[in-house]
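Asks: Okay, here's what each chain looks like letter by letter:
Protein chains: 4
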Amino acid sequence: MQAYVMRSIGETDVIEKDEPEAGPNDAIVRPTKGLVCTSDVHTVGGAIGEREDITLGHEAVGVVESVGSEIEQFEPGDRVAVGAITPDWGSPAAQDGHPSQSNEALGGWKFANVKDGVFAEFFHVNEADANMAHIPSGVSDEAAVYVTDMMSTGFGAAERADIPIGGTVAVFAQGPVGLMATKGAALRGAGQVIAVESVPKRQELAEFYGADEVVDYTEVETVDAIMDLTDGEGVDAAIEALGSNATFKQCIEVTKPGGVISNVGYHGEGEFVDIPRDAWGVGMAEKDIVTSLCPGGRLRLRRLLRLLDEGKVDPTRMTTHRFDFEDIDEAFQLMDTKEEGIIKPLIDFS
Amino acid sequence: MQAYVMRSIGETDVIEKDEPEAGPNDAIVRPTKGLVCTSDVHTVGGAIGEREDITLGHEAVGVVESVGSEIEQFEPGDRVAVGAITPDWGSPAAQDGHPSQSNEALGGWKFANVKDGVFAEFFHVNEADANMAHIPSGVSDEAAVYVTDMMSTGFGAAERADIPIGGTVAVFAQGPVGLMATKGAALRGAGQVIAVESVPKRQELAEFYGADEVVDYTEVETVDAIMDLTDGEGVDAAIEALGSNATFKQCIEVTKPGGVISNVGYHGEGEFVDIPRDAWGVGMAEKDIVTSLCPGGRLRLRRLLRLLDEGKVDPTRMTTHRFDFEDIDEAFQLMDTKEEGIIKPLIDFS
Amino acid sequence: MQAYVMRSIGETDVIEKDEPEAGPNDAIVRPTKGLVCTSDVHTVGGAIGEREDITLGHEAVGVVESVGSEIEQFEPGDRVAVGAITPDWGSPAAQDGHPSQSNEALGGWKFANVKDGVFAEFFHVNEADANMAHIPSGVSDEAAVYVTDMMSTGFGAAERADIPIGGTVAVFAQGPVGLMATKGAALRGAGQVIAVESVPKRQELAEFYGADEVVDYTEVETVDAIMDLTDGEGVDAAIEALGSNATFKQCIEVTKPGGVISNVGYHGEGEFVDIPRDAWGVGMAEKDIVTSLCPGGRLRLRRLLRLLDEGKVDPTRMTTHRFDFEDIDEAFQLMDTKEEGIIKPLIDFS
Amino acid sequence: MQAYVMRSIGETDVIEKDEPEAGPNDAIVRPTKGLVCTSDVHTVGGAIGEREDITLGHEAVGVVESVGSEIEQFEPGDRVAVGAITPDWGSPAAQDGHPSQSNEALGGWKFANVKDGVFAEFFHVNEADANMAHIPSGVSDEAAVYVTDMMSTGFGAAERADIPIGGTVAVFAQGPVGLMATKGAALRGAGQVIAVESVPKRQELAEFYGADEVVDYTEVETVDAIMDLTDGEGVDAAIEALGSNATFKQCIEVTKPGGVISNVGYHGEGEFVDIPRDAWGVGMAEKDIVTSLCPGGRLRLRRLLRLLDEGKVDPTRMTTHRFDFEDIDEAFQLMDTKEEGIIKPLIDFS
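Protein sequences appear in the order of chains A, B, C and D. The opening position of the first sequence corresponds to residue 1 in UniProt numbering, with each subsequent residue numbered one higher. The opening position of the second sequence corresponds to residue 1 in UniProt numbering, with each subsequent residue numbered one higher. The opening position of the third sequence corresponds to residue 1 in UniProt numbering, with each subsequent residue numbered one higher. The opening position of the fourth sequence corresponds to residue 1 in UniProt numbering, with each subsequent residue numbered one higher.
Looking at chain A on its own, in the form it has when it is part of the complex (with noise of 0.2 Å):
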């Protein structure tokens, strides 16, 4: 079959895989729609080390192709997301509330990392039963995509924010997780969201998503802004989505004491992330600093499958291009340039 795959550090290419097999616990899905993530590209720059003839891509809908021994809950022919995270449930982790680290850091992370990713004709399914959703007939494969990753890892980081109805919250960088995390917090019942976002097409789209307030960091000083929206209070929680020590150091000075700073963002560089001493309080104030990684399952999926079926989301809005998977070279290039205005490019696989 045709993979897309990293050859190494920098390389990509169109190669011929073998098919995978389904052992007593797995699934096979022929991918139908996928997309992109910045992430994909961070892989093949080299951020989680070499990898040769790795496929690309965790973030995917499909059709199931076929089944091992014991799955009860799939057959083939069905129409299904596949979590970008699939944790081994039965591991210690996993049985402590944290799936996404199953047997390791990041452990439930293994498509495109330890593992061939859904960038083929075919991919592979680890805990199939447990990893999968049936799409709902209402939902198409478009937005049905977004759950896989998108909308679990940014509604995840504001579920993991606390928000109490009627709080505020501040969300820094309104990236596809970023503007996922604005519409999470608008989810939660929060009184007041502000988006941190210099680029206009992100600005209106975190707007569309439910910011009440936009921070354009290149016009006025980030923290004086949302300190001034919050009558000098701070907010109630701050989202990191973006991956910075700049940005991760005004979340905390923005957040109150008692306050909550929800990393979601992935830390790229550096050997330290900063928190600002003065600001965190001296270790003393109650701003606690929470993280995760996209949130997987059955139960989770179906559940904001749930939300694109009863019309409560529309993340097909962050569709910026459409690529065929013959093409999706072109959307790497694009993913890695950020040019004309890329949000999310789909990869049709049909």
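Simulated from the structure, these hints should not be mistaken for lab results. Please note that the accuracy of each hint is not assured.
No copy is singled out in the list; a pair is fine if it fits within one copy or between any two copies.
[Stated by the list, open to error] Below, computed lysine-lysine pairings styled on DSBU-like, alpha-carbon distance capped at 35 Å:
{"id": "1", "residue 1": "Lys115", "residue 2": "Lys338"}
{"id": "2", "residue 1": "Lys201", "residue 2": "Lys249"}
{"id": "3", "residue 1": "Lys17", "residue 2": "Lys201"}
{"id": "4", "residue 1": "Lys17", "residue 2": "Lys115"}
Fit chains B, C and D to the supplied structure of chain A, relying on the hints for placement.
Replies: Below, chains B, C and D alone, put in the same frame as chain A:
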């Protein structure tokens, strides 16, 4: 001053009373708008026992008339919302996270219970810095008065129900508290909100406030209908907003194992509230039963007022009738008979 | 192989059965030590309905005989503890934090319920990687077998009771689960643990396991006694470890507003479990009622085994009788009549 | 009256001051026993900036001298413990569950910070009903004074660490707060408590208070040692009780994915507190970082006093030195140099 009082069980009147005075931590407020609560009518009927000439009412907004020596946040002339529940914030129960239970069960409920209520020319607020909030200029008195009880109580029921994003919720009875529980469930990001109600006007409001489905118990068997709507699984959370054994029982029946029953209904009759043993999994199905009494406090009030100020909730759709203070007895009569499709009668003190 | 079975309601026997075989995710274990549970006796009595030739028993440790193709953590010859509850870890309920409810209410309870139990020469363990744990070399089989149910269940009740450091707890009934709930309360740092019990031997064990006070309900009025012991305030948490309407009612009466009633007793009779309406604050006193079913899983088992390995708990004081497997029927008889001060009879399979 | 004050940075003296007076919600207390805290010495050294003639000290018990008009719980002559942190219980932060942050970061910390402390013949207590507790007759003043800060702070760190029964914990540094965090971990039912400390006397006390293992960082590599002790998995929770970048970094390194780092150390230096990026799972390993400031309040004090009254904790083993009030300057000198194996110097005011 004029006060609308319960002279004794079953008897109300407007009488002349001395104006209240503020102790060091108190404030005196002149009400501008109030709402009659079904519990006021129950009080007159004897639900909490005999009272003599106690001023009725606990839902009001108004203008600060005077403040005690220790008050720092308010001054005469300020436009304020006052919580229906006015806890003693230094009490052990409040320190334990249960301010509504300060000093005794339901101890935060003082108005028209252990001291004069708000249906008078002036009323007294204990721990005023902690129990009032300024009303934003963009929020009307009529909207603001809903934060004092209905929104706080109904939303509180939804918050205690611990609804996951995309989860399923059933709300039993769509009186004003139930309607606000429905809205609260929607605000928490529920994927499917099922409202149980038979009165057309209330069904319509339930949909306005976020119900995805309405179950009319006069037309279908409620439990079966909810199980069908949830593919036989039951809901993640059920909210009891009526206070009857029948609906409480149904709440436990429709909640999935591991789910939450959030009771906010006042159970006014019978020696026992009945948990159906089998549906409760013989005491081992992890169907938790939680209860709450209207969260009060400045922080809470401000968060709810923020939702009004940002236009995220419009509670005034529940105002079905309007009365001048001098006609308040009519409002009570109507609230008692529940005629004319009454939901909430607004009292105008101007 | 020989198996001790329930032939039908009220009838037990040792019969010959085929040895179980391991599917891909399973293991076959040869038990070395087991414990008879009161629920085993109830099962024989018909509590969960008719069964035909089902092997009894759910508390056992042993040696791995064989493993399925997907098993990574264990190999034949390993000395293991097996949870009485063996959840399906990929099920939605488990993903939701309720593994004991996997797939249906109490669905994690499989041994001697929906499949053969452990009182045989060999028994079958589903999802063995997730549902067994190695026994540390310093821990005896006799001690280890207590982690499979009694410690996990009793401690779990204490954990769900959400006891604050220095808080007050009442534990109703000091059978083996109640004793372990008492120990669990002590382990959570309770300031005052009140055990309700009338049998001298159990009172003595309650004190051994951490009770600060013992209330003998045959000598004093239980509720009054507990209120006196807590200066009239009631306890932060009450644990129901009997499964009777009478003690459940008392639990609610002695719990302070804002406190927790943690039910771990199996309620075997009656249509309803009764909540006393007034003591429950008419449904608004924030007295939460939570329930649980023995937490299972490798992580849980390992944590409990660690307590044994470090000498922090000695459950073997509850072993009042010992029987060889061939005499297991005597153990059941004694457990039924509760004669001879029996608490737990140990079964030796060697 | 005589008061031991900080005249300015680096200068202390006993001076004559006017006796404090009680406002409506206040009490005046005559201290009987006090403890010097390392933070007192830091304050004199300028850690919180310049102060002029502020009375030092925040850990004391004593006898009520007078009370304000609104005080209901106490009267002159009562023997009381006073929290080191005396929150404004009606403040929004307290209403939000963060009383120690009332009105501003660390705003509950008033003694010797924003008002006179306790090292004087008399001291003033704000919101006295909420911030003091009666000392049970069976508890000595010397024991009781430890609840005001050391026990509450150390235990609080353990509580925030969310330690499961049987879980693993590492406590970095065994000064008095670290020792009480070690005891707190033991009180929560930890399965393995690892204390990091090099001073023999403190190692010995750590074992007395519940450490199962002691890691001497002068002899072994701390992180390696802790990973070895936990079979390479890392701990469920790490408690930072020193306030240094080096130990904070180690805390993150030894905590397993999904675990908690509970910071209770005062970070006194540097612009940033450094999170090691890789060990933190690039911001996605769900290693939460939480902080706390000594929980105060009557309820908290009573719960801790109950532990003393029941004989469950003996904090007096930390009293290494005793001084009369007139010799308090010697205690400060010794606390500064940390000579003579000092842990806590007790001040006797009689």
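Asks: Within a copy, between copies, both or neither: which one fits Lys115 and Lys338 at a CA-CA cutoff of 35 Å?
Replies: This pair counts as within: shortest intra-copy Cα distance 27 Å, inter-copy 55 Å.
Asks: With 35 Å as the alpha-carbon cut-off, assign the pair Lys201 and Lys249 to within, between, both or neither.
Replies: within (25 Å within a copy, 39 Å between copies)
Asks: Could you figure out if Lys17 and Lys201 sit no more than 35 Å apart (CA to CA) within one copy, between two copies, both or neither?
Replies: neither (39 Å within a copy, 62 Å between copies)
Asks: If the cutoff is 35 Å on CA atoms, where do Lys17 and Lys115 land: within, between, both or neither? Let me know, please.
Replies: within (13 Å within a copy, 43 Å between copies)
In this structure, the one hint that does not hold is number 3.
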